[in-house]
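Here's the letter readout for the chains.
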Amino acid sequence: MFGYYLDLALRSLKRNRALTALMVLAIALGIGASMTTLTVLHVLSGDPIPGKSGKLFYPQLDPQDMDGYKPHDDPPAQVSWIDGMALLHAKRARYQALMTGGAVPIQPAQSALDPFFEDARYTTADFFPMFDVPFLYGRGWSAADDEAGARVAVLSRELNDKLFGGKDSTGQTLRMDDVAFRIVGVLDSWRPTPHFYDLYAGSYSSGEGVFVPLTVATDLKFAHNGSTDCWGKGMSDDLKTATCTWLQFWVQLDTPAEVAAYKEFLLNYSREQKALGRFQRPPNVRLHDVMGWLDFNKVVPSDVHLQVWLALGFLLVCLVNTVGLMLAKFLRRSGELGVRRALGASRRSLFAQLLTEAGVVGLVGGTGGLLLALLGLWLVRTQPSDYAALAHLDLPMLLATFAFAVVATTLAGLLPAWRACLIPPALQLKSN
Amino acid sequence: MDIRPILSTLRRHKIPALLLILEIALTCAIVCNAVFLIGQRLERDKMASGVAEHELVQVQVANIGRPADAKARAQEDLARLRRIPGVTAVALVNQVPFTNSSSNTSIKLDPAQKLPTLNATMYMGEGLIDTFGVRMVAGRDFNADEYLDFDDMKSDPNLQSKVGSLVITQALAERLWPGESALGKKIYLGDTSVRVIGVVQALIRPSLSNGDGTAQWTMIFPLRMSAASASRYVLRAAPGQRARVLGDAAKALRVADPHRIVLSKKTLDDIRSDFFRNDRAMAGILVSVIIALLIVTALGIVGLASFWVAQRRRTIGVRRALGATRRNILNYFQTENFLLATIGIALGMVLAYAINLFLMLHYELPRLPAVYFPVGAIALWLIGQLAVLGPALRAAAVPPVVATRSV
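If you're matching them up, the sequences are chains A and B in order.
Sequential numbering from 231 applies to the first sequence in my numbering.
Sequential numbering from 2 applies to the second sequence in my numbering.
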């Protein structure tokens, strides 16, 4: 039966090409615009570290003095050196890493390359196992290296390609800011999106080219990027003692019990520090997981949300338009439908026939919409935003496009089909 | 023209008429808000900076290792840059408008205050006001002997209290002391106080992440930067000379000290254009959506009007046979469309207001000014009339003889 309806639908659509083209165009435009913006939203609000995001937590403390204190305020978004180091050495979690972003001058050994600046991450040993960072050659450094202040470095795959032509560079020396570092590892391609572990480095930044131990970078006074928020005496030359928060701290907690225990530990630590007189405010701690932290920071740009609303509004107009056109098309065929009714077709089968026709329009419109979405995403990629390069259609979004188009158009076909089914057969035969 | 027959016809075609009204209403509402958003974005793009934008260029350098004598290094750099032909002023500053990197601090008007009054940005650098071309509107620029070395202050926090004076923007002065002169008034940064000695017309913050409303909350301090504490060299030159000056400046800085990297060399016009490019891109997207919406709506009107004309061929024939002129028929369809468009537009206005309320709630947008409502109305009336013209002309061309034929 479906085959017959399909045949009827194609015949009918061919009979009135202009109207069919209008409907297909409207659906294609609406679906194309919606899928472009929804794909961007989907990419930008994705899980940066699937499978592990629920186990990674971002502890926050409030070490500030009473100046400017308001109850129920959120604690600072980062930790100070003293608190960060205390939490790191407490080792209360499976893994823990303290880190900040920076930029270092790289001085290539070969004279063909001029010195250049590279984004860097100053962090501690657990960074690599905690974030499941893939290695191409070698491995990360150890906690002992952190303690000893070993001058070791891990390179990204891109930087290794640039400096060593992609060869295994472990064991080689790299000069950075006039200091020699021994390369211990080279990463495979790794770009968590969003750049969740340090949002100050740009929510969708491409990541850093070189990783060095935090203690080494701080002792050598490597330039640190991102936000430094101070209170009391504030900024001084020595960031280790300054009353400023400038480091990100992440922990891995595998079970809800561990999470609860860690939260209790943070509260106890705050109470203890308050008793010692270092903290002045009442204990105020947070423990967001990855998705919670991204959500709290409203990582997805508001323009992206606005564009989604705009596209959905546009799609709605296109669908209303399609409902109108389909109604006109179906009612125009009152005669034909009346004959089918008179020959014994039930309302139900008429309804199914008309909905099949609507579905075909949706499928063709969906194909057009897909092409327009690919064009739209290509346009997005030419945009200046730092997330632009990420806008690619994946398989789930591709299938969603078709499903969305067919469902939307079939829904749009409901009203016209129902209206057309109400035509009494006798009347149509008479007037003919 | 009598509209009663039109109304009674429409009453018999309720669903298509309602669909058309709905489509016009939605389009009208979206167009009103989109035009408003475009206005907002373009206005932001034109935001005043207060500096001589077309005459400024910036060269940013970074040292490899620590410069041996950062203060002397800076002075020699500046001297070399001043010698470049066409350069009228040079300064080494801590931050530059539209570069997104800024240092900010909370200030108080009374040291006993529990909560700070507001957060403002801090510009530093010898000769900054003169080089930037910022216009003084009250008081004076800093004297040469008022400047302190930023590096000294950083290593000895006690020197902070020695910074006695600052210059602020008119907007900040008006925010702190509405209706009063700011000259001589005190601002507290932590425990230290500084006195306002001058007011400039405007100087925009390097980053607008605190909201556009605080864009002009700016303070300028008499602090001299060194090659270790600042990296941005700003040069002023005639617009036609900027490209050459940029090249010469980068070369001069590398010759002065080869052990460093030029991170960027750009004109302020380019820096500004980059800063607002997202706004311009969004305006472009909105324009395309408006055009697409109007086209889709117009095509929808053409489709439905054609259907009506086809359906009423016989009636039209009868009317023509009974003496109606072609113009009568044409007017009939035009009036019908005008009626539907008007109802749609009225509904669209309400919807536009509702959408604006939603946007105000979620995207911190201001209220939709009333001037934007007629924009949507006129656009849709025009589109409606243009779209219906074709089908209406076809209707007018129906010969009276149709009345005598059975279909």
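None of these hints come from the bench; they were simulated from the model.
Glycine included, C-beta positions come from ideal geometry on N, C-alpha and C.
Please note that a few of the clues may not be correct.
Some but not every residue of chain B turned toward chain A, in silico, with C-beta under 8 Å [to be verified]:
id: 1; residue: L20
id: 2; residue: L110
id: 3; residue: P112
id: 4; residue: L116
id: 5; residue: T118
id: 6; residue: L119
id: 7; residue: V288
id: 8; residue: I292
id: 9; residue: L295
id: 10; residue: L300
id: 11; residue: G304
id: 12; residue: W382
Reference listing, derived: stretches of chain A covered by chain B, where coverage requires no fewer than 3 residues with Cβ under 8 Å from a Cβ of chain B [to be verified]:
id: 13; stretch: 368-380
id: 14; stretch: 482-496
id: 15; stretch: 536-546
id: 16; stretch: 606-616
These are the hints, each one checked on the structure:
Taking 8 Å as the C-beta contact cut-off toward chain A, the hint placing L20/B at the interface holds, the least distance being around 4 Å. At its closest, the beta carbon of L110/B sits 14 Å from a beta carbon of chain A; the interface hint therefore is violated under the 8 Å criterion. Here the hint on P112/B is broken, as its CB sits about 10 Å from the closest CB of chain A, past 8 Å. For L116/B, the interface hint holds, since its Cβ comes within 8 Å of a Cβ in chain A; the closest pair sits about 5 Å apart.
Violation of the interface hint for T118/B is found here, the shortest Cβ-Cβ separation to chain A being roughly 11 Å, above the 8 Å cut-off. For L119/B, the shortest C-beta to C-beta distance to chain A is roughly 12 Å, which exceeds 8 Å, and the interface hint is violated. The interface hint given for V288/B is broken, as the beta carbon of that residue sits about 12 Å from the closest beta carbon of chain A, more than 8 Å. Given hint, I292/B at the interface with chain A, is violated; its Cβ is 11 Å from that chain's nearest Cβ, farther than 8 Å.
At its closest, the beta carbon of L295/B sits 10 Å from a beta carbon of chain A; the interface hint therefore is violated under the 8 Å criterion. A hinted interface residue such as L300/B counts as satisfied when its beta carbon comes closer than 8 Å to some beta carbon of chain A; here the least separation is about 5 Å, so the hint holds. At its closest, the beta carbon of G304/B sits 5 Å from a beta carbon of chain A; the interface hint therefore holds under the 8 Å criterion. Interface restraint check: W382/B against chain A, minimum CB-CB distance 17 Å, threshold 8 Å, status violated.
Counting residues of the stretch 368-380 of chain A whose C-beta lies closer than 8 Å to any C-beta of chain B gives 0; at least three are required, and the coverage claim is violated. Counting residues of the stretch 482-496 of chain A whose beta carbon lies closer than 8 Å to any beta carbon of chain B gives 0, which falls short of the minimum of three for the stated coverage. Only residues whose beta carbon comes within less than 8 Å of a beta carbon in chain B count, and the stretch 536-546 of chain A has 7; three or more means the coverage holds. For the stretch 606-616 of chain A, the stated coverage by chain B holds: 3 residues have a C-beta nearer than 8 Å to a C-beta of that chain, and at least 3 were required.
Consistency with the previously given hints fails for numbers 2, 3, 5, 6, 7, 8, 9, 12, 13 and 14, ordered from lowest to highest.
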